[in-house]
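These protein sequence lines are chains D and E, in that order. Each residue of the first sequence is one higher than the last, beginning at 303 in this note's numbering. Each residue of the second sequence is one higher than the last, beginning at 8 in this note's numbering.
To be clear, the hints were calculated from the coordinates, so they are not data collected in a lab. In this text, all values refer to a predicted model and were calculated from it rather than measured experimentally. Certain hints may be false.
Unchecked claim - Mimicking DSS-like on lysine-lysine, the simulated pairs with C-alpha atoms at most 30 Å apart in a straight line are: (1) E/K122 to D/K430; (2) E/K85 to E/K72; (3) E/K134 to D/K430; (4) E/K134 to E/K40; (5) D/K430 to E/K125; (6) D/K430 to E/K147; (7) E/K125 to E/K111; (8) E/K147 to E/K134; (9) D/K430 to E/K72; (10) E/K41 to E/K72; (11) E/K147 to E/K41; (12) E/K40 to D/K430; (13) E/K111 to D/K523; (14) D/K430 to E/K85; (15) D/K430 to E/K140; (16) D/K430 to E/K33; (17) D/K523 to E/K125; (18) D/K523 to E/K147; (19) D/K430 to E/K243; (20) D/K430 to E/K111.
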Amino acid sequence: MIFDTALILDSIPKMLFGIGLTFQLLFLSAALGLVLAIILLLMRISGRWYLSAPTMVYIYIFRGTPILVQIFIIYYGLPQLEFVRDSVFWPILREPFGCAILALTLNTGAYVSEILRGGVLGVDRGLKEAGAALGLSARHRFIYITTPIAIRLALPAYSNDVISLMKSTALASTITLLDMMGIARTIVAETYAPYEIFISLMIIYLALTWMIQRSFGWIEKRMSRYVRSEA
Amino acid sequence: MGDGDPANIIELENVDKFFGAFQALKNVSLSVKKGERIVVCGPSGSGKSTLIRCINRLEEHDSGKIVVNGHELTGAVKDIDAVRSEVGMVFQSFNLFPHLTIIKNLMLAPRLVRKSSKSEARDTAMKYLERVKIPEQADKYPSQLSGGQQQRVAIARALCMNPLVMLFDEPTSALDPEMISEVLEVMTDLAREGMTMICVTHEMGFARSVADNVVFMDNGEIVESNPPDAFFEAPKNERTKLFLSQILSH
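Just chain E, same shape as in the assembly (with noise of 0.2 Å):
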C-alpha cells in the first residue's frame, strides 16, 4: 500500500509494454484522481486498449510500475482478483455470459465475488438494470437483446460491483450507429455522479462534453493530455493535429 500520491486511484509510471518483438506501451506515465473523468483517444493500433486492459492485469506490462488503488501492479500479484474487483471493465464486444440470462449476468460476480445473499444481489442488481433503463429484459438472454442493449447490461453488471473506477475499452465501436447514443448517455449519467472514469472512444462529442482530460496515443506513446477546450482547439502536437482532423471531418 501506500505508493505516490494517495489522491491518485490510479499511477502509470514509465510503462513499458512488449508483443513479442512490438513494443504497445513507450513509457507511458499516467494518473487518474478520484472522481476524474479521462478520454483516450487516438489511431487504432496506438496501444489504448493496451494501456487500460494493463490497469486491470488483463495485459501484464513489462516494465515500469502500476499502482491501482494502493495496490501495485508487477510481478507475482497475489490480490489480484480482490483488485479487480474495484476496477469495473466494459468491452467493445460487450462479453456477456451467453449461457445466463440478464439478471444473471448482473449477480454472478457479486454472489461469487462479494458472497452476496441472493435477494441482496438480485436488489443491486434490478437497481442497476433500471438505472440503464433496461430493466424489463431482466430474464431474457443476450442473444435477444440488442447490442446497445447488451452493452447498457455489461455497462450494469460492472456497476453492480459498486467498482472505484470504470474502464471502458471502445463501448460503441461495434454498436450500429442508432444504439450509440444509449450507451453515451448511460456513461454521460455516469460521469455525471461522479464516476472515476477511463475511456478509450473515438465519440468526440462524449469526451468534449464529459472528459477532464484527452488523452492522445500514438504509436504507444502519449503524445498530448489536455482538458478538452484546449485539446480541440488549439492542439500542439502535429500528430494530434493530423488525428483531429481525420476524426471530426466526417
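Just chain D, with the same shape it has in the complex (with noise of 0.2 Å):
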C-alpha cells in the first residue's frame, strides 16, 4: 500500500478542530469526577456501614464494567425511563454531551475515590498520633495533616487516571459526538484511509498526553519538595 505523509498533514487540522469538545470532556468529567471521588472517599472511610457499604458497591460496578457499556446505558438506556424525561436533568440528559459527561465522571470518580483512599491509607500512623498528642482535632487532623500527604501520595497514581480518562474521551465518538476521535471516524469514511488517519489521530492524543504528564510532573516536583533532599 502507498502511505500518503500529505493526507496525515491534511488531516491533523481537521481534527484538532474536534480538540475542543475532547478537552471539555476531558476538563469537565474530570473535575465533576474528583468532587465524586471525594465525597465517595468521605463516604468510604467514615466507618458508618450505611455510608461505606453503597459505595463499595457503587466502586464495584464501575470499575467492573466497560466504560462504553456505561455509556450507551445512560445514552440509550435512561431515555427509555419516563421519570427520567421527566426530571430535571432530562435537558441534560437526552443531549449526547451531557451523557457522555456523566458516563465518564461516574467511572472516573470511582477510581479516583480508590486512587485517593490509597493515599489517605498510605499516610503514617505516627503523624496522625503526633496530631492527636498535640490535641488536634480529629477534623483538624485530617485536614491539616492527612490530606496535604495524602494528595502527594496519590498524585502519581491520579495522573495515570486522567490520561485514562483523557483516551477514555474518545468513546463519546460512539454516541454521535465529534470530538477528535468522532471527526476522524467521519474523514474515514469520506477518504478510506484509515491507516493514516488513526496514526494523526494516534499522534495528537500522544501529545496531549506528553502535556498532562509533563504538568503532573511538575505538580508532583512541587509537592515533594520536602521530601527531595531526604538523606
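Got two chains here, separate frames each, mind docking them using the hints?
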C-alpha cells in the first residue's frame, strides 16, 4: 500500500477542530469526577457501614464494567425511563454531550476515590498520633496532616487516571459526538484511508498525554520538595 | 474533676490493657506529682510504651482508672483533645509533619488548638527553637535535619503547647549514638526547670541524674519502683537485677 504522508498533515488540522470538545469532556468530567471521588472517599472511610457499603457497591459496578457499556446504558437506556424524561435533568440527559460527561464522571469518580483512599491509607500512623497528642481534633488532623500528605502520595496514580480519562473521551464518538475521534471517523468514511487518519489521531493523543504527564510531573515536583533532600 | 489526690497530675489505678488475647498492662498503678520525674525502663515488650500511650489515650485502657490533670480517661472521653493539649508527647520516631517547615510544625497546634495569633505562635516557636538550640533551622523541612535535630524540634513542638507534663517514648532509641547526648541534654535542662516528666528510656545515666523515681516494668507489670540510688545500688527484685546486669554491662 502507499502511505500518504500528505494526508496525515492534511487531516491533523481537521481533527484539531475536535480538540475543544475533547478538552471539554476531559476537564469537565475530571473536575466533576474529582468532586464525586472525594464524596465517595469520605463516605467510604466514615466508619459507618450504611455510608461505606453503598460506595463499595458503586465502585464495584463502575470499575467492574466497560465504560462503553456504561455510556450506552446512559445514552440509550435512560431515555426509556419515563421519570428520567420528566426529571429536571432531562435537558442534560437528552444531549449526547451530557450523557458522555455523566458516564465519564461516574466512571472516573469510582477509580479516583480508590486512588485517594490509597493515599489516605498511606499516611504514616505516627503522624496522625503526633497530631492527636498535640490536642488537634480529628477534623483538624484530617485537614492539616492527612490530606496534604495523602494528596502527594496519590498524585502519581491520579495522573495515570487523568490520562486514562483523556483516552476514554474518544468513546464519546460512539454516541454521535464529534470530538477528535468522531471527526477522524468521519474523515475515514470519506477518504477510505483509516491507516493515515488514525495514525494522525494517535500523534495528537500522544501530544496530549505528554502535556498531562509534564503538568503532573511539575506538580509532583513542587509537592515533593520537602522529601527531595532526604538523606 | 477532683478524683484522687489533687497533688497528683497523673494517676493510674489498677490499669489493664489487652491487645487481643495479649495482656500488655497488668494491674498497673502509678501516680505522678507535679514536678516529679519518672523514668520507666524494662525489656522490650514489657508494656512501657503502652503505659505512657494510655496516659494521653493513644491507647485506650480496658479496665482500671486513669486520671490526668483531674480528667478521668474512661469510656468515651469528650474532652480528650483538651486533655491531650496539656500533655506533651515525644515519640521514638520523631513524627514531625514532613510537609511543614520546622517553624510551621511548631506553630500548627498553638494556632489551631490554642487559637494563638500568627505572630504569637511564631514568637513562642522561636523561643523554644532557641531553647533546643536550633533556631537557624526554622525554615527547613524535617527531612533536611539530622535525627538529633529532628527530635529536639519534636520536643520544642510539644513545649509550644505549654504542657503540664511531658511524656517521652524512647526518645533516643532511633538516634545514632553521637546524637543521643544532644537530646538528653535538652531533656535534662527541662527536668532541671521543674517540668513533670515520664520518660521511657534505656539511658540509665539520664535516669540516675534526673529521675526522682525509676520504674521497672516486665511482662506488663510494674515490678519495682524506687529512687535511682536504691534502684541501681540495691535492686530488690530478681528480674530487675537481671535487667540491670544486662543493660549496664555494655
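- Task: Verify the proposed pairing of D/K430 with E/K111, using a straight-line Cα cut of 30 Å.
- Result: Roughly 16 Å between the alpha carbons, so the hint for D/K430 and E/K111 holds.
Item to complete: Decide if the proposed pair is consistent with the structure: E/K41 and E/K72, CA atoms, cutoff 30 Å inclusive.
Response: Measuring from Cα to Cα gives roughly 19 Å; hence the hint holds.
Is the Cα-Cα distance between E/K40 and D/K430 30 Å or less? Holds: E/K40 and D/K430 sit about 29 Å apart, inside 30 Å.
Q. Does E/K85 pair with E/K72 here, judged by a C-alpha cut-off of 30 Å?
A. holds, 16 Å
Review point. For the pair supplied as a hint, D/K430 and E/K243, is the alpha-carbon distance within the 30 Å limit?
Key: The hint is violated at about 40 Å.
- Within 30 Å, alpha carbon to alpha carbon, are D/K430 and E/K147? holds, 21 Å
* Between E/K122 and D/K430, does the CA-CA distance stay at or below 30 Å? -> The hint holds at about 20 Å.
### Query
Holds or violated: E/K125 with E/K111, Cα cutoff 30 Å?
holds, 10 Å
* When you check the alpha-carbon spacing of D/K430 and E/K125, does it fall within 30 Å? -> Holds - the C-alpha atoms of E/K125 and D/K430 are around 23 Å apart, at most 30 Å.
Check your understanding: Given the hinted pair E/K134 and E/K40, is their alpha-carbon gap at most 30 Å?
Key -> Given that 30 Å is the threshold and the Cα spacing comes to 27 Å, the pair holds.
Would you check the hint for E/K147 and E/K134, treating anything up to 30 Å between C-alpha atoms as holding? This hinted pair holds, its Cα atoms lying about 17 Å apart.
Holds or violated: D/K523 with E/K125, Cα cutoff 30 Å? holds, 28 Å
Violation of the numbered hints given earlier is confined to hints 11, 19; the remaining hints are satisfied by the structure.
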